[in-house]
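All chains should be built: construct the whole structure from the sequences, respecting the hints.
Mapped onto my numbering, the consecutive letters of the sequence shown carry residue numbers 1 to 75.
There may be inaccurate statements among the hints.
[Unchecked claim] Label-pair distances were calculated between CB atoms; the ranges are:
#, residue 1, residue 2, range
1, 5, 74, 18 to 24 Å
2, 42, 3, 38 to 44 Å
3, 63, 1, 26 to 32 Å
4, 4, 41, 41 to 47 Å
5, 58, 8, 47 to 53 Å
6, 69, 1, 36 to 42 Å
7, 42, 16, 29 to 35 Å
No wet-lab data here; the hints were simulated from the structure. Every residue gets a Cβ at the ideal spot worked out from N, C-alpha and C, and that includes glycine.
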Amino acid sequence: MILYSIIPAEIVFNGLDDAPGAEYIEASYKGEKVLVSRMRNSQFVITRLLSTRPSSYLDPAFQPGSIVMESELIY
1 MILYSIIPAE
11 IVFNGLDDAP
21 GAEYIEASYK
31 GEKVLVSRMR
41 NSQFVITRLL
51 STRPSSYLDP
61 AFQPGSIVME
71 SELIY
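Next comes the structure, spelled out in structure tokens:
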């Protein structure tokens, strides 16, 4: 993306780094690498599957949005 503006970039992007966002953690779940973010105390939601096996993407357990318990993850 290219931003064309007469306003200096420091002003346009001021506070962008301080914005709260989801903290992602790379973990292993059922033998596959996944990117998860914390939902509640011991619950995580799968954000992304990091695998080279096509069959893993067809497994409903690895769908983005699936909720997993912290005890099922290996960091």
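*Quick one: are residue 42 and residue 16 within 29 to 35 Å, going by C-beta?*
This hint holds: roughly 31 Å between Cβ atoms.
*asked:* Between the beta carbons of residue 5 and residue 74, is the distance compatible with 18 to 24 Å?
replied: Violated - the Cβ-Cβ distance for residue 5 and residue 74, about 46 Å, lies outside 18 to 24 Å.
*asked:* Within 26 to 32 Å: is that where the Cβ-Cβ distance between residue 63 and residue 1 falls?
replied: 29 Å, holds
_Given the hint of 38 to 44 Å, is the C-beta distance from residue 42 to residue 3 inside that range or not?_
Given range 38 to 44 Å: holds, Cβ gap about 41 Å.
*Taking the CB of residue 69 and the CB of residue 1, does the distance hold inside 36 to 42 Å?*
38 Å, holds
*Could you check the hint for me, namely that residue 58 and residue 8 are 47 to 53 Å apart, CB to CB?*
49 Å, holds
*So does residue 4 sit 41 to 47 Å from residue 41, Cβ to Cβ?*
46 Å, holds
The structure fails to meet hint 1 from the earlier list, while all remaining hints are met.
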